[in-house]
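Undergrad: In numbering that gives the first Met the number 0, the protein residues as written are 0 to 130.
In case anyone wonders, no lab produced these hints; they're calculated from the structure.
Ideal placement from N, C-alpha and C gives every residue a C-beta, glycine not left out.
A portion of the hints provided could be inaccurate.
To be verified - Listed next, with one range per pair, are the computed distances between beta-carbon atoms:
hint, residue 1, residue 2, range
1, S15, P94, 34 to 40 Å
2, Q90, P25, 30 to 36 Å
3, S67, E9, 21 to 27 Å
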Amino acid sequence: MKLSLEAVSEFNQIHSYDDNNVVIRPQHQDRLDAIETSFILTADTLIRDWAVSDIQQLSAAQVAELQSLDPEVILFATGSGLTVEHQKIAQLFMPHHIGVEFMDLGPACRTFNLLVTEQRKVLLGVCFQSV
0 MKLSLEAVSE FNQIHSYDDN NVVIRPQHQD RLDAIETSFI LTADTLIRDW
50 AVSDIQQLSA AQVAELQSLD PEVILFATGS GLTVEHQKIA QLFMPHHIGV
100 EFMDLGPACR TFNLLVTEQR KVLLGVCFQS V
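Please put together the full structure from these sequences, using the hints given.
TA: Structural data, given as structure tokens:
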């Protein structure tokens, strides 16, 4: 599904998505990049080939990596509703005052684009094995 009709070059923007990839317009670039592996995206950072096979199994090092990007909110594209395991993950970020949301890929992409245009510090974590 195509999301953006106009390009905004000040930040990374999600252009479109489907079940197998997410197409982004990188910050300050005119080209589009299709990403087919798990990744982390913020307004100014793209980490390709994120070494996460299951969001429910985040390691302490992976949690620290996400925290080091200093987000206000983390959106995990999980493809499922809230589970007990998701609640445990969210609790890892609470002491750092980081909000965590779990949603399907489409809503996560749309929410990411909305929050970056509002200049919020948002992080999108996509693990295609979980979606």
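Undergrad: State for each hint whether it applies.
TA: Evaluated hints:
no. : hint                    : in the structure
1   : S15 <-> P94: 34 to 40 Å : 36 Å, holds
2   : Q90 <-> P25: 30 to 36 Å : 33 Å, holds
3   : S67 <-> E9: 21 to 27 Å  : 22 Å, holds
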